[in-house]
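As a plain string of letters, each chain reads:
There are 6 protein chains.
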Amino acid sequence: MRRIIVINPNSTQAVTQEIDRAVEPLRLLEGPAIECVTLKDGPPGIESQLDADKVILPLSNYIRSRESDGNAFVIACFGDPGLHSARQVTAKPVFGIGECAMATALTRADRFGIISILQDAIGRHRRTVRAAGLESRFAGDLAIDVGIQGLGDEAMVLERMIGVGNRLRKDFDAGVLIMGCAGMARHREPLEKATGLPVIEPTHAAVTMALGAILIPQ
Amino acid sequence: MRRIIVINPNSTQAVTQEIDRAVEPLRLLEGPAIECVTLKDGPPGIESQLDADKVILPLSNYIRSRESDGNAFVIACFGDPGLHSARQVTAKPVFGIGECAMATALTRADRFGIISILQDAIGRHRRTVRAAGLESRFAGDLAIDVGIQGLGDEAMVLERMIGVGNRLRKDFDAGVLIMGCAGMARHREPLEKATGLPVIEPTHAAVTMALGAILIPQ
Amino acid sequence: MRRIIVINPNSTQAVTQEIDRAVEPLRLLEGPAIECVTLKDGPPGIESQLDADKVILPLSNYIRSRESDGNAFVIACFGDPGLHSARQVTAKPVFGIGECAMATALTRADRFGIISILQDAIGRHRRTVRAAGLESRFAGDLAIDVGIQGLGDEAMVLERMIGVGNRLRKDFDAGVLIMGCAGMARHREPLEKATGLPVIEPTHAAVTMALGAILIPQ
Amino acid sequence: MRRIIVINPNSTQAVTQEIDRAVEPLRLLEGPAIECVTLKDGPPGIESQLDADKVILPLSNYIRSRESDGNAFVIACFGDPGLHSARQVTAKPVFGIGECAMATALTRADRFGIISILQDAIGRHRRTVRAAGLESRFAGDLAIDVGIQGLGDEAMVLERMIGVGNRLRKDFDAGVLIMGCAGMARHREPLEKATGLPVIEPTHAAVTMALGAILIPQ
Amino acid sequence: MRRIIVINPNSTQAVTQEIDRAVEPLRLLEGPAIECVTLKDGPPGIESQLDADKVILPLSNYIRSRESDGNAFVIACFGDPGLHSARQVTAKPVFGIGECAMATALTRADRFGIISILQDAIGRHRRTVRAAGLESRFAGDLAIDVGIQGLGDEAMVLERMIGVGNRLRKDFDAGVLIMGCAGMARHREPLEKATGLPVIEPTHAAVTMALGAILIPQ
Amino acid sequence: MRRIIVINPNSTQAVTQEIDRAVEPLRLLEGPAIECVTLKDGPPGIESQLDADKVILPLSNYIRSRESDGNAFVIACFGDPGLHSARQVTAKPVFGIGECAMATALTRADRFGIISILQDAIGRHRRTVRAAGLESRFAGDLAIDVGIQGLGDEAMVLERMIGVGNRLRKDFDAGVLIMGCAGMARHREPLEKATGLPVIEPTHAAVTMALGAILIPQ
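Keeping their order, the protein sequence lines are chains A, B, C, D, E and F. Just so it is clear: in the first sequence, position 154 is 154 by the working numbering, and no numbers are missing. Just so it is clear: in the second sequence, position 42 is 260 by the working numbering, and no numbers are missing. Just so it is clear: in the third sequence, position 158 is 594 by the working numbering, and no numbers are missing. Just so it is clear: in the fourth sequence, position 94 is 748 by the working numbering, and no numbers are missing. Just so it is clear: in the fifth sequence, position 9 is 881 by the working numbering, and no numbers are missing. Just so it is clear: in the sixth sequence, position 204 is 1294 by the working numbering, and no numbers are missing.
Where hints are given, some of them may not hold.
Derived DSS-like pairs: lysine-lysine, alpha-carbon spacing no greater than 25 Å straight-line [what the hints assert, rightly or not]:
no. : chain 1 : residue 1 : chain 2 : residue 2
1   : B       : Lys-388   : D       : Lys-847
2   : E       : Lys-1042  : C       : Lys-606
3   : A       : Lys-170   : C       : Lys-629
4   : B       : Lys-388   : F       : Lys-1260
5   : D       : Lys-824   : F       : Lys-1260
6   : A       : Lys-170   : E       : Lys-1042
It is worth saying that the hints were derived from the structure and are not from the lab.
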């Protein structure tokens, strides 16, 4: 049976569960298995470049150890840590959720806005957008400024996401929104309804790409 | 049952059949139906900007007439004719195969090369790449220069595609190839093997995106 | 006698008259005739991508039918509908007023601002600017938000244009203004005086280009 | 009577005569006078950045001295020396032939190629293209490598221009050619015929722009 | 003994003294001499494009006259007047302080903001940034709007610089600040402390580059 | 005494010695000490993205351990591994030699070419150039294709560098060359002489920047 392995590079099991929820609709009879795993060696959350860089080796090692099991791999952290290293340790396709979210957004509207959790992420995201050569489709990036401990307050998180999403639509002319973080799937639909814009959940976008890479005409 | 409607805007039934073949692997139990239709009012082939512009109205009319049947629409011509008009006549997502092929290619390598059928298409493709804001990921576009009547000679077509694909890899530093035309699915796998690069079949890429838009976490 | 044929692709005769007024100063003894015509098959106004796409075939047919009469053609709608198709049906030069207005603006100041009629046009214009590769000279695009029926209230239209023009100058650092619509010639001079910036009337810009293409050193 | 003053910033009278020939077709009854003058203080030819910079002050002084006579000024050297300074000393519009040639080329084809006289000019032209923000419409720049003394051999000059023009078309995919030097008007038409591409003579392009700026709807 | 010659192209001796102060920390035992000179033929201040263009010839002449004395030259005006001409009259490296300040800023943060003295300079700086191909690293440019006579009021100047610097950090997301004018060295450190961002003094940046060009491994 | 700490992230002592040679001319009486160290935990050479990612943690740890000793840090590997993480663990400025080499090259000519050791590095370098926003100043990147064991054959290495450097000058129009690898200082001067272009040794460029950051006006 074909298998897509989705790796949450932080060690927080609750995030992996939310990732699992994001990809559940893509599990179809006859389709590939979609396995969501937690990287045990990861930090509780990836909140800085150093956090991101720290998971590269464990991630690459994990992917190497699963090479024969997986038909495609997904790195489920928006900063795509270790994406290019991972592609070096396996011949199977490896997808980064940040890259896939942006690519998917291009097919839904002229310009995408990113909703970040923390202000600090915005600089990293801008480098990512520029490295991807997608600056001219990038409307802007705004943070909800909620720390990890605050993410449990779902009503508040959603409210801030809606606020930020509406600002991206009105003041930055975004036509599609990207959730700039894994593990936020439950907020996708209400955010779409409240802003009137399509909302891309990044792990879902990447697993969709992985499906396409596996279910390919021979 | 959910349904993706793929419209071949030229009237050549054989092309629709080849499109059908491209998307066959994406038909899964429990997944959306994927219906490939031929636009009766289209020209036999779309070989110029005027051909492309001519199909916009019939395409929009067709999509409007199927609005209640389809959960997503795909315009299966690489030039994405009428994409923005189509998005105006339906609230359902509409995907262009050119746009989706380029977006998908971004997730597989640093720079994409396009294999065109006719030399004349290259100028149109370049405008499309620029309008998409993807110039810095674009390696180049080369034509196999085979007219519609010549496309039946499959061995020759594949041989030229391989020649052009290898030039895009070696001389233009392309890391992924896009087939710049619908209806070429049968050549995808041999082309991939002969060039050593991933090859994107554009209708397949667009239907994958459509699946993602439909099989979405609520 | 040489002749420039200017086609108003909407069927509103009053717009054609205003276009005629725009180009009147370019009618010179010994110079080419400048004929302004209304496309009978066009919609009353072009307010959407679908409206724009609908006129492409009638426009191309009209140009083909006048091939032997005209030394140059001008498509007098800011979105340049059918420009590339039109260039395919005639060997004579064809000019789009949007393209010519932007090109002309480049010669007057560092960055141009566009004054649109409707908010909806802004997204289309942004795609046009990007497809033209002119993003780094583009200051911004603001709408006066007046529907077709409101355009008769000239004082109000001018007042809003001045308001928007001044915002483009002060907040967006535009050094030249483009009227993002045909048929506004009467407001050009007062707008220039009120904002202190050169104002480009797009049909006038295109007919100037057409003059240059005809009155050429042999 | 309205007047466009075209200034040849080099002191070679023969170049001014050839400039005069370029703009002759734009002299129309009822149209503005077009006066071509030689800047006495200029060097015999402008072949380097230092040559270009040397003429800025005399040019500005000359324009200031003619302020009340001229309705528009044209600086007839492809490098547009002193364009921004000139705009500071007069409220009348000032056009640079390099800028106007590129702007005009945008309205004729997707990408322009430049034919330079000397290899050394190419670096300066590239800075100019980049400063103009027109890199994505720029196909390439090739030199005919003929020194000032060689320019008298017209047959050889034309032959090299055709050779370079054809290379720009075939190898660089240029759709329109720009003569990257004033004083070459006599070669325009044969070059157009031999290459099959429209050819922009830069002073002619700038005087056309100046006509548009003067013959303006009030 | 090796020597870097820093030329203040305006004739104001006080500015040269402040430039001298900027480079004093780079004078090291065994290191090159750093000589700061005033261009006698320059205007009291360079406040416009015409002022800038006026100094090109005297600057080039001065550099030529010192060719045998200097191992490197620095043009100490932020607009880098005559940089390309100067490079033509000497084989020694010539540095412009604007260019060097931007290059240095790239190594300190993702995006640089420029603090200008006068509003009028902003347009010139934007052309410079675009010509340098550095638009995507450019956060913004704001002026303190103090005329030459006001620059003596140091407390006010510093206060405005801090205000503008903080706006560039907060509203424009600048990560490093560039002083867009020579002769402001005394404000560098307090500005850095007040804004929390690294501040580049442009003449210091250029002399550092010149040191690197001289103290080179053989 | 002030101190710049230059870290060779590979464990090959001979490379550190060559780095030391590169920076020797920047050691001046009264200037900062320049200490070149070998990262013990690094691989023998950094030849892939995975190699580069592997050194990030040891590098960050090392920098943290030397925080109080160093006034500035230099990461002496052309790919700038861990640069953003390193900036997070210390408040002292951290310089990457790739970034500094490109920034320095901007001040010497219009476009820079990169000489790489291995073909594989070119893709990584292209991502780096794009992430730096410097595409429009980038002429090209060519490899000498010599493995680590071959680098000992100095005559052959220099000969290939000269060959590649001359191709970058002639065919890619590079005006300055960057050595795309640390530890090549001995070839800098002969390469400069043989190609006629300035050649940037990257560690030297970064230490120059570090000097500027330390020897700063207060």
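25 Å limit on alpha-carbon distance, applied to hinted pair D:Lys-824 and F:Lys-1260: 20 Å, holds
Agreement of E:Lys-1042 and C:Lys-606 with the hint, judged by alpha carbon distance not exceeding 25 Å: 20 Å, holds
25 Å Cα cutoff - pair A:Lys-170, C:Lys-629: Since the Cα atoms of A:Lys-170 and C:Lys-629 sit roughly 31 Å apart, the hinted pair is violated (cutoff 25 Å).
Restraint status (C-alpha distance of B:Lys-388 to F:Lys-1260 at most 25 Å): Holds - the C-alpha atoms of F:Lys-1260 and B:Lys-388 are around 20 Å apart, at most 25 Å.
25 Å limit on alpha-carbon distance, applied to hinted pair B:Lys-388 and D:Lys-847: Judged against 25 Å, a Cα distance of about 36 Å means the pair is violated.
Hinted pair A:Lys-170 and E:Lys-1042, Cα distance within 25 Å: 20 Å, holds
Comparing the model with each numbered hint stated earlier shows that hints 1 and 3 do not hold.
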